[in-house]
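> The residues making up each chain are set out below.
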Amino acid sequence: MSVDWKDNEPVPYAALCKTFETIESTTKRLEIQKHLTSLFTRVVEKNPEDFLTVIYLCLNRVCPEYENHELGVGESLLIKSIAETTGRKPAKVKEELSKWGDLGKVAKDSKTTQPTLFVPKPLTVKVVFDKMKIIAGISGHDSQERKVREIKFLLTACRGKEAKYLIRSLEGKLRIGLAEQTVLTSLAQSIVKDPAQKLSRAKETEESTEASEIVKSAYSEVPSYDIIVPILLKYGVKGLEERCKLKPGIPVKPMLAHPTKSITEVLDRVEGHKFTCEFKYDGERAQVHMLEDGTLKIYSRNLEDSSTKFPDIIERMSQIVKPDTKSFVLDCEVVAWDPEKECLLPFQILSTRKRKDVKEKDIKVIVCLFAFDLLYLNGESFLKKPLEERRQHLINAFQEVDNKFSFVRHMNATNTEEIQTFLDESFKCNCEGLMIKVLDGQESTYEPSKRSRNWLKLKKDYLSGVGDSLDLVVIGAHLGRGKRTNVYGAFLLACYNPEEEKYQTICKIGTGFSDVSLENHFKFLKEHEISAPRNYYDYDKGANPDVWFEPVQVWEVKAADLSISPIYKAAVGMVDHNKGVSLRFPRFIQVREDKKAEDATTCEQVAEMYRSQFNNSENMQL
Amino acid sequence: MFEARLTQGGLLKKLLESVKELVTDANFDCSETGIALQAMDNSHVALVSLLLRSDGFEPYRCDRGFSLGVNLNSLNKILKCAANEDIITLKADDNSADNLSLSFESPSNDRISEYELKLMDIDQEHLSIPDTDYDATIVMPSAEFQRICRDLTVVSESVTIDVAKDTIKFTAEGELGSGNIKLKPVSSIDKPEEAVTIELGQDVSLQFSLKYLTNFTKGTPLSESVMLCLSENMPLLVEYKMDIGYIRYYLAPKIGDE
Chain A
1 MSVDWKDNEP VPYAALCKTF ETIESTTKRL EIQKHLTSLF TRVVEKNPED
51 FLTVIYLCLN RVCPEYENHE LGVGESLLIK SIAETTGRKP AKVKEELSKW
101 GDLGKVAKDS KTTQPTLFVP KPLTVKVVFD KMKIIAGISG HDSQERKVRE
151 IKFLLTACRG KEAKYLIRSL EGKLRIGLAE QTVLTSLAQS IVKDPAQKLS
201 RAKETEESTE ASEIVKSAYS EVPSYDIIVP ILLKYGVKGL EERCKLKPGI
251 PVKPMLAHPT KSITEVLDRV EGHKFTCEFK YDGERAQVHM LEDGTLKIYS
301 RNLEDSSTKF PDIIERMSQI VKPDTKSFVL DCEVVAWDPE KECLLPFQIL
351 STRKRKDVKE KDIKVIVCLF AFDLLYLNGE SFLKKPLEER RQHLINAFQE
401 VDNKFSFVRH MNATNTEEIQ TFLDESFKCN CEGLMIKVLD GQESTYEPSK
451 RSRNWLKLKK DYLSGVGDSL DLVVIGAHLG RGKRTNVYGA FLLACYNPEE
501 EKYQTICKIG TGFSDVSLEN HFKFLKEHEI SAPRNYYDYD KGANPDVWFE
551 PVQVWEVKAA DLSISPIYKA AVGMVDHNKG VSLRFPRFIQ VREDKKAEDA
601 TTCEQVAEMY RSQFNNSENM QL
Chain B
1 MFEARLTQGG LLKKLLESVK ELVTDANFDC SETGIALQAM DNSHVALVSL
51 LLRSDGFEPY RCDRGFSLGV NLNSLNKILK CAANEDIITL KADDNSADNL
101 SLSFESPSND RISEYELKLM DIDQEHLSIP DTDYDATIVM PSAEFQRICR
151 DLTVVSESVT IDVAKDTIKF TAEGELGSGN IKLKPVSSID KPEEAVTIEL
201 GQDVSLQFSL KYLTNFTKGT PLSESVMLCL SENMPLLVEY KMDIGYIRYY
251 LAPKIGDE
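Protein chains in written order, with full-length UniProt numbering: chain A, 1 to 622; chain B, 1 to 258.
Calculated from the structure, these hints are not laboratory results.
Keep in mind that this is a model prediction, so the values were computed, not measured.
In this text, a Cβ means the ideal position worked out from N, Cα and C, and glycines have one as well.
Take the hints with a grain of salt, since some may be wrong.
[What the hints assert, rightly or not] No more than 27 angstroms apart at the CA atoms, straight line, and that leaves these computed lysine-lysine pairs for DSSO-like: (1) K131(A) / K20(B); (2) K89(A) / K211(B); (3) K94(A) / K211(B); (4) K211(B) / K92(A); (5) K133(A) / K169(B); (6) K108(A) / K191(B); (7) K80(A) / K211(B).
[Stated by the list, open to error] Incomplete in silico selection of chain B near chain A, CB under 10 angstroms: (8) T24; (9) T153; (10) E157; (11) T160.
[As the list claims (entries may be wrong)] Quick partial rundown of chain B residues pointing at chain A, CB under 7 angstroms, derived from the structure: (12) I122; (13) Q124; (14) L127; (15) S128; (16) N233; (17) P235; (18) A252.
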């Protein structure tokens with residue numbers, strides 16, 4: 001079944017593609033895990049030098065996530081490359097793309113009318129990865145031509161199914177149902193599996209579970225395979241625990257909070273724990289790092305380096321950091337601030353700030369930094385320490401500066417009344433609501449990347465029963481008429497199904513837009529029109545838009561409520577057998593520049609929101 | 001030590017122009033016999049092979065065979081700094097060449113410019129091209145061939161070349177219509193460069209991508225005439241001969257259009 005190769009020889013791309021194919025053919029998690037582990041184990045045995053490359057290709061990345069180099073070659077360039085390699089006409093390739101909705105399949109099935117002179121050498125994972133890196137890095141003069149040239153080199157050398165996966169990788173998404181968690185588990189398993197050691201089955205399973213926990217936790221602290229994989233290969237899983245620790249300069253995936261709808265629900269959850277309430281500021285998450293050498297870095301929620309967006313924060317840090325504080329990782333919220341009235345301004349103001357290379361003298365939107373957690377201080381990681389202790393260190397290591405830096409307002413409440421009063425106060429200060437966090441013990445550690453139930457958010461919207469807003473992907477539009485001629489009149493939105501890597505339609509939206517915003521949406525989305533829906537769009541003919549888009553933008557949307565719909569596909573099969581969930585009276589709030597399409601509200605969350613509507617009304621009846 | 005001095009420097013400039021579109025990076029293989037280059041385009045559809053014999057240089061020195069890996073675009077840029085009449089000298093250390101030195105001397109010897117080009121490691125498969133007895137060999141003015149390719153590109157992306165006893169027919173069919181150009185043999189004793197000759201063993205009919213052919217005609221300034229060699233199901237050979245060597249292009253024929 002699998003493609004084999006000799007010891008110490010480069011891993012053939014065919015071996016990887018064969019594994020992709022088997023993974024794509026099943027939806028069973030365990031089976032996917034097994035196939036991936038088997039490939040990884042063979043790579044580790046035969047040619048560990050290619051291991052990192054194989055992992056990156058599985059994840060379809062060319063570097064650590066936080067370095068932000070993405071592949072994403074545009075559809076038209078890929079069509080051009082396929083046409084030129086096969087000698088087919090671009091129009092013909094496009095036609096087939098509309099038919100199949102998967103350019104990978106079209107490339108694989110394209111019969112060539114232009115044979116080669118010599119059969120190219122079979123591709124190796126290294127060659128493919130190196131070329132992808134080159135392609136991702138090409139910019140400037142002639143960049144399109146240069147990209148096409150590199151892609152043609154790869155396409156010509158593809159055999160069998162390779163072209164399908166190559167094209168999908170270049171598009172930016174493999175879509176074979178391979179989650180990063182699965183890759184991490186297989187990474188751990190392949191290191192633990194030692195053919196020389198004869199362990200009992202049970203022992204092996206136990207060991208592999210433990211190993212996978214260690215690897216996952218290491219990855220959430222240091223999200224860089226460049227660092228983790230070499231350590232694993234050299235020192236094994238045990239060595240990883242000691243050597244792979246959070247350090248300034250490498251962003252940590254932020255811990256997220258779980259939404260709640262009432263103070264009662266909050267108390268149910270945190271009962272019996274010591275807990276604290278903090279203001280939930282309406283701003284942007286920021287992780288501030290200071291390295292030993294004094295270098296300062298700011299990372300966004302997505303781990304993007306946003307240091308050049310906030311030169312004013314970088315500059316003010318010297319006033320904030322106490323002399324004994326040499327290095328740190330600080331978790332904060334950046335909020336737009338009115339220094340005259342000394343009050344918080346809404347997120348909409350903050351979002352008008354330029355996104356990079358901001359010059360200090362041009363700054364119009366003043367911001368204040370609100371710190372709420374300290375993950376690292378002077379060479380020591382605090383992730384495993386209880387919140388109470390982290391907070392103490394935070395207060396000791398930094399000092400508040402008027403209009404510039406402040407610790408979040410907090411209160412260690414114990415009963416409903418106190419929480420209610422504090423909540424009302426947060427609203428008065430233009431905050432979104434409260435964060436309720438477990439303060440001490442095992443459950444108060446910092447859990448990177450997790451949406452944890454040890455952190456709860458309580459927002460105004462939830463309380464008023466309207467529910468939380470949704471973050472949805474724009475995948476299509478209807479052409480405008482009347483007043484909206486020449487722009488799009490309404491849009492088709494979708495939520496994300498991470499299990500199947502699909503976008504499921506959820507509603508049509510035409511409310512909440514100003515003339516200017518419609519114009520801006522048109523300008524931006526026009527560039528991302530595609531000739532046919534992607535095969536990973538789950539939609540019903542009854543809700544066909546006039547044009548389709550690539551999944552590139554996320555919108556925050558509010559709605560009156562959620563209902564079962566025969567023509568929308570969100571959470572289909574989760575609340576109703578074959579009907580999906582739709583939004584009633586959706587209203588556009590804003591573009592979420594900080595979210596990628598895969599960070600959109602998931603179908604799981606949609607289903608939960610739908611169900612919770614009934615819980616609420618039941619509560620009221622009681 | 002490698003050293004090669006070329007009195008007609010303009011030739012090298014033209015030569016680079018004629019390969020740089022097809023290939024980005026290539027090895028110049030230097031040996032006693034001369035300088036050779038062989039490389040395929042990224043899609044493995046076309047191959048270019050050129051040779052500059054050592055006797056074309058004055059002097060030529062190459063103690064042992066070695067390769068110079070060059071980014072052709074960069075080399076072309078540097079060569080653009082030389083005037084057509086300049087004498088060009090290439091120098092490199094054959095043991096551990098990191099750089100290729102180029103010097104351009106004006107004919108009157110009052111201006112000398114020197115450049116260094118960084119070399120690169122290029123992993124290139126060496127492909128041997130089998131010697132073939134071709135079914136048809138055509139010689140025609142190179143400017144004529146260039147014009148045919150340019151004209152037919154208007155109509156289509158590919159051209160069919162039919163060779164019979166006393167005609168060569170180039171046919172193109174496309175969406176806007178079709179076109180064809182027929183050539184008959186012309187013997188021209190006064191001006192041999194204007195001759196059209198056909199040597200035929202067997203009739204042939206083959207289809208080729210015009211994009212590649214047009215690319216090959218970048219070799220036109222190198223020679224007054226061009227030779228086309230064809231056989232059924234075999235790559236086409238397009239050759240431009242120069243006093244000191246040749247440049248050959250090979251192209252795989254197309255099969256069954258959509």
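> Taking the hints in turn, state whether each one holds.
To see whether the hints hold, each was checked on the structure:
1. The suggested pairing of K131(A) with K20(B) holds, with an alpha-carbon distance near 20 angstroms, which does not exceed 27 angstroms.
2. Distance check on the hinted pair: K89(A) and K211(B) sit about 13 angstroms apart at the alpha-carbon level, within 27 angstroms; holds.
3. A distance of roughly 21 angstroms separates the Cα atoms of K94(A) and K211(B); the hinted pair therefore holds under the 27 angstroms criterion.
4. Under the criterion of a C-alpha separation no larger than 27 angstroms, the hint pairing K211(B) with K92(A) is consistent with the structure, at around 18 angstroms.
5. Of the pairs offered as hints, the one joining K133(A) and K169(B) is violated, with about 46 angstroms between alpha carbons and a cut-off of 27 angstroms exceeded.
6. Between K108(A) and K191(B), the direct Cα distance comes to roughly 52 angstroms. Violation of the 27 angstroms bound is thereby established for this hinted pair.
7. Between K80(A) and K211(B), the direct Cα distance comes to roughly 14 angstroms. Compliance with the 27 angstroms bound is thereby established for this hinted pair.
8. With its C-beta approaching chain A no nearer than about 7 angstroms, T24(B) sits inside the 10 angstroms limit, and its interface hint holds.
9. Because the smallest distance between the Cβ of T153(B) and any Cβ of chain A comes to about 15 angstroms, over 10 angstroms, the interface hint for this residue is violated.
10. For E157(B), the interface hint holds, since its Cβ comes within 10 angstroms of a Cβ in chain A; the closest pair sits about 8 angstroms apart.
11. Here the hint on T160(B) is broken, as its CB sits about 13 angstroms from the closest CB of chain A, past 10 angstroms.
12. Against a cut-off of 7 angstroms between C-beta atoms, the interface hint on I122(B) is violated, since the closest Cβ of chain A lies about 13 angstroms away.
13. For Q124(B), the suggested interface contact is broken, since its CB lies about 11 angstroms from the closest CB of chain A, more than 7 angstroms.
14. The closest approach between the C-beta of L127(B) and any C-beta of chain A is roughly 5 angstroms, which is under the 7 angstroms cut-off, so the hint is satisfied.
15. At about 10 angstroms, the closest approach between the beta carbon of S128(B) and any beta carbon in chain A exceeds 7 angstroms, and the interface hint on this residue is violated.
16. A least Cβ separation of about 10 angstroms between N233(B) and chain A goes past the 7 angstroms threshold, and the interface hint is therefore violated.
17. Checking P235(B) against chain A by beta carbon gives a least distance of about 6 angstroms; that is within 7 angstroms, so the hint holds.
18. For A252(B), the interface hint holds, since its Cβ comes within 7 angstroms of a Cβ in chain A; the closest pair sits about 5 angstroms apart.
Of the numbered hints stated above, those contradicted by the structure are hints 5, 6, 9, 11, 12, 13, 15 and 16, listed in ascending order.
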